Amino acid sequence: MNSNDTLIPYVGVVTDIRIDTPDVKTFRVEAPEGGKVFEHMPGQCAMLSIPGVGEAMFSITSSPTNKEFMEFSIKKCGCLTEWLHAMEVGQMITIRGPYGNAFPVETELKGKDLLFIAGGIGLAPLRSVINYVRDNRANYGDVQIVYGSRSKDDLVDYKEIIDEWMTDEGIEVNLTIDNAQEGWDGHVGFVPNYVKELDPSINKTVLICGPPIMIKFTLAGLKELGFKETQVYTTMELRMKCGVGKCGRCNIGNKYVCKDGPVFRFDQLDELPDEY
Amino acid sequence: MLRISIDKIDSLFAAISEKQALYIPADRADGAAEYKKYEAGMKLSEKLNTVRSAKDFFFPQTENLVEFKMEGKKIEVKDIRQESEDFVIFGVRACDARSFTILDKVYLVEPVDSYYKNRRDHGTVVTMACTRPSETCFCQAFGIDPTAPEGDCAVWSDGSYYYFKANTEKGQAFVDSVSSLLEDGDTAELDKTVAKTKEIMGRLPLAKLSTENFGGDKLNEYFNSDKWGELSESCLGCGTCTFVCPTCQCYDIKDFKTSDGIRRFRCWDSCMYSDFTKMAHGNPRLTQLERFRQRFMHKLVYFPANNNGEFGCVGCGRCLSKCPISMNIVKVMKALEVK
Numbered sequence: 044m045n046s047n048d049t050l051i052p053y054v055g056v057v058t059d060i061r062i063d064t065p066d067v068k069t070f071r072v073e074a075p076e077g078g079k080v081f082e083h084m085p086g087q088c089a090m091l092s093i094p095g096v097g098e099a100m101f102s103i104t105s106s107p108t109n110k111e112f113m114e115f116s117i118k119k120c121g122c123l124t125e126w127l128h129a130m131e132v133g134q135m136i137t138i139r140g141p142y143g144n145a146f147p148v149e150t151e152l153k154g155k156d157l158l159f160i161a162g163g164i165g166l167a168p169l170r171s172v173i174n175y176v177r178d179n180r181a182n183y184g185d186v187q188i189v190y191g192s193r194s195k196d197d198l199v200d201y202k203e204i205i206d207e208w209m210t211d212e213g214i215e216v217n218l219t220i221d222n223a224q225e226g227w228d229g230h231v232g233f234v235p236n237y238v239k240e241l242d243p244s245i246n247k248t249v250l251i252c253g254p255p256i257m258i259k260f261t262l263a264g265l266k267e268l269g270f271k272e273t274q275v276y277t278t279m280e281l282r283m284k285c286g287v288g289k290c291g292r293c294n295i296g297n298k299y300v301c302k303d304g305p306v307f308r309f310d311q312l313d314e315l316p317d318e319y
Numbered sequence: 002m003l004r005i006s007i008d009k010i011d012s013l014f015a016a017i018s019e020k021q022a023l024y025i026p027a028d029r030a031d032g033a034a035e036y037k038k039y040e041a042g043m044k045l046s047e048k049l050n051t052v053r054s055a056k057d058f059f060f061p062q063t064e065n066l067v068e069f070k071m072e073g074k075k076i077e078v079k080d081i082r083q084e085s086e087d088f089v090i091f092g093v094r095a096c097d098a099r100s101f102t103i104l105d106k107v108y109l110v111e112p113v114d115s116y117y118k119n120r121r122d123h124g125t126v127v128t129m130a131c132t133r134p135s136e137t138c139f140c141q142a143f144g145i146d147p148t149a150p151e152g153d154c155a156v157w158s159d160g161s162y163y164y165f166k167a168n169t170e171k172g173q174a175f176v177d178s179v180s181s182l183l184e185d186g187d188t189a190e191l192d193k194t195v196a197k198t199k200e201i202m203g204r205l206p207l208a209k210l211s212t213e214n215f216g217g218d219k220l221n222e223y224f225n226s227d228k229w230g231e232l233s234e235s236c237l238g239c240g241t242c243t244f245v246c247p248t249c250q251c252y253d254i255k256d257f258k259t260s261d262g263i264r265r266f267r268c269w270d271s272c273m274y275s276d277f278t279k280m281a282h283g284n285p286r287l288t289q290l291e292r293f294r295q296r297f298m299h300k301l302v303y304f305p306a307n308n309n310g311e312f313g314c315v316g317c318g319r320c321l322s323k324c325p326i327s328m329n330i331v332k333v334m335k336a337l338e339v340k
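Top to bottom, those sequences are chains V and Z.
The opening residue of the first sequence carries number 44 in the working numbering; numbering runs sequentially from there.
The opening residue of the second sequence carries number 2 in the working numbering; numbering runs sequentially from there.
Excised from the complex, chain V in its bound form (with noise of 0.2 Å):
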């Protein structure tokens, strides 16, 4: 029994905390001793809990090649993520993983133009991949990133769009929110359509991330201008427990999200039964 299980979670200290929207803050994770918990790839998961209240799978919003800490942006919307917000700094928290499948950042989407689109809290896992692509610059061709919000306060990790996404030569960060609003003088409109005004290269390989709606138009406008569904990724999100594919919880069709996925390319989505 000297085996370790992938149930029993290691300790990480919230070693800094940032409120980027109303409802979205994010935590830096450190192990006790300093530096990573664990390693990980650019779309993979993490089991975060407060012990008596409860666990969930969250991903992690940093790249990998960040060496010192990983970074979790969580929306506060029920009840472990309200305890979640309310901890401070230097509180610890419990975490396991990586779970899951990551973005093929060394395959696939190696050489390719890239286009993310984001919308709310849906840019944590694709920032991972951005800062990824970022740091491993050479590896990669166009980089385009098309994000959008409810107003300009929604907006997560907006002091790093500005001044770092948007002042990097290589990429192209298109930002828009979904109603005028004083102090901004960006677009104005929801992402699908604005995706569909911004006409993308069909070349381009597409990561997409947000509220359901939103990935649905988005990718019927996609189809619009040429785009192939197997060009197209996306990352998921079900109830978990265990996080290995054992629990049930996840399982859709003969897939379990938690170790088949997160991430899934839209032809393979299209195989699985709709219930997500």
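No lab work stands behind these hints, which were simulated from the structure alone.
Since the model is a prediction, treat every value here as computed from it, not as a measurement.
A virtual CB, placed ideally from N, CA and C, is assigned to each residue, including glycine.
A portion of the hints provided could be inaccurate.
Unchecked claim - Taking beta-carbon pairs under 10 Å as the criterion, some of the chain V residues facing chain Z (in silico):
1) Thr49
2) Ile51
3) Pro94
4) Ala99
5) Gly121
6) Met130
7) Glu131
8) Gly133
9) Asp156
10) Val287
11) Lys289
12) Glu318
Dock chain Z against chain V, hints included.
Then chain Z, alone, in the frame of chain V:
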């Protein structure tokens, strides 16, 4: 073949239970059978099967996983796993014996579930061939021979003797450990008993139940079948079928506060329950139709798709006899068949 006279079985049980915990099916006051830890004087049940399956031995209804000590902002994780003690389960039927190999395909694949493996490593499964299969039995449909059960050691009865045959190293060690009580004898009477049992099997009402059209290759056809509405209409979502099922293996993980910290445990859960997939932002399986469909799709289509055609059912018939609205996997199979 090595055998022991039926009237001497007590001495065999006593010999085994001297060395390790022994569990046998025994009759409860209400007449139904359940596995009990053997004590002197306890009689082996003559019932066809136990009300609950034998999965509890390896995948108990609840078990503690880990403990946490919380102090201010600090958390200490305490690994509370302990090496299981050796134990013997005697009298497992062929259906339940097969269910263990199905559970193995979930819990022993990487990453191995150490809690399950611990018990599996320390448990010896001694099976008992059936002689009187009942009208709710359909293990044959899944390629199980109730007259030749799997398990570490198989046991047959001809009414006068129990016959023993080891199937694994663990089973051989079991036979060796009680060899002084066994004698060699011919199997002429046993052969007659087995032939008679096979004859009964052929006459069972579900003897011809076919799995031929099920499996992983018609996933969406089955999923989109228009039969699910009618089939699931009366389902109460009580989860009884999942709890008596020897192959249902879904679980929940929960925490509770103890006097000096937090204990995390897991317990059986059921895809038939309304909150099984419920998240803060909604529930992908809103009605009982979707939850009902999930259970049967998993056993008849999804599991075989991932396990070389092996089904997630062993035909033990418990759900047939226990469902309060008399819905069950046989009715589903008959209604659903996509040609």
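Now for the hints, and whether the structure bears them out:
| no. | hint | in the structure |
| --- | --- | --- |
| 1 | Thr49 | holds (5 Å) |
| 2 | Ile51 | holds (5 Å) |
| 3 | Pro94 | holds (4 Å) |
| 4 | Ala99 | holds (9 Å) |
| 5 | Gly121 | holds (3 Å) |
| 6 | Met130 | holds (9 Å) |
| 7 | Glu131 | holds (7 Å) |
| 8 | Gly133 | holds (5 Å) |
| 9 | Asp156 | violated (32 Å) |
| 10 | Val287 | holds (5 Å) |
| 11 | Lys289 | holds (6 Å) |
| 12 | Glu318 | holds (6 Å) |
Of the numbered hints given earlier, the model fails hint 9 alone.
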